[in-house]
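Here is what each chain is made of, one letter per residue.
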Amino acid sequence: SQQGEEDPQALSIQEGENATMNCSYKTSINNLQWYRQNSGRGLVHLILIRSNEREKHSGRLRVTLDTSKKSSSLLITASRAADTASYFCATVWGLTGGGNKLTFGTGTQLKVEL
Amino acid sequence: DVKVTQSSRYLVKRTGEKVFLECVQDMDHENMFWYRQDPGLGLRLIYFSYDVKMKEKGDIPEGYSVSREKKERFSLILESASTNQTSMYLCASSLNGYGISGANVLTFGAGSRLTVL
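As given, the protein sequences belong to chains H and X, one line each in that order.
The numbers in our numbering rise by one with no breaks, and the one at position 53 of the first sequence is 53.
The numbers in our numbering rise by one with no breaks, and the one at position 82 of the second sequence is 82.
Worth flagging that the hints you see were computed from the coordinates, not collected in a lab.
Nothing false has been slipped in among the hints.
Straight-line alpha carbon distances no greater than 25 Å define the calculated BS3-like cross-link-like pairs of lysine-lysine that follow:
id	chain 1	residue 1	chain 2	residue 2
1	X	K55	H	K101
2	X	K3	X	K71
3	X	K71	H	K101
4	X	K57	H	K101
5	X	K71	X	K55
6	H	K101	X	K53
7	X	K70	H	K101
8	X	K3	X	K53
9	H	K101	X	K3
10	X	K57	H	K26
Can you make the complete structure from the sequences, with help from the hints?
The structure is reproduced here in structure tokens:
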């Protein structure tokens with residue numbers, strides 16, 4: 001399965017600390033995306049990094065991509081209680097017969113405590 | 001503000017009932033998707049549609065069907081609900097073609113939590 005594996009499954013930190021989540025995948029990708037999900041709600045797109053990019057920033061978010069290791073990391077700096085959510089990576093990859101497919105990982109549950 | 005709206009946030013149905021989950025998007029997106037989300041299993045794709053009246057099976061289509069009569073509306077149908085279909089159902093849409101190299105960024109609805117008794 002191409003489904004991304006995320007590590008750790010759960011992470012608990014104090015407000016102000018940095019949070020790092022990792023995603024590994026199995027085959028070549030076109031791009032990798034990170035989404036956030038608040039409890040009981042839908043997912044919200046955070047950031048996209050293309051296969052020819054190595055690092056991308058958006059506000060307090062920093063995403064890195066290492067295609068040689070087939071892995072990505074999401075760093076949230078100076079975390080806040082409002083960052084408490086589940087975070088999912090999603091890989092977009094090409095199918096043998098043409099076209100693309102998007103597959104989600106199983107997610108990391110982040111809890112930021114005051 | 002772009003939106004994907006799912007008609008019901010919570011539903012309780014009985015085994016064997018026919019269930020309709022409705023999803024409407026106002027972004028003129030070509031592609032629409034239905035996922036189910038279960039603890040420990042992440043999001044799994046049930047069906048998707050890249051055009052009106054077009055549908056493609058995802059990874060777990062068994063027990064489900066879909067309908068897309070209008071571009072903005074994508075319905076998920078459980079012909080005969082079973083207890084193993086108790087789950088959170090998420091609808092999403094995207095602008096880029098699913099079969100075209102592109103970003104495929106998804107916009108999700110708030111989800112519909114279905115309980116089948």
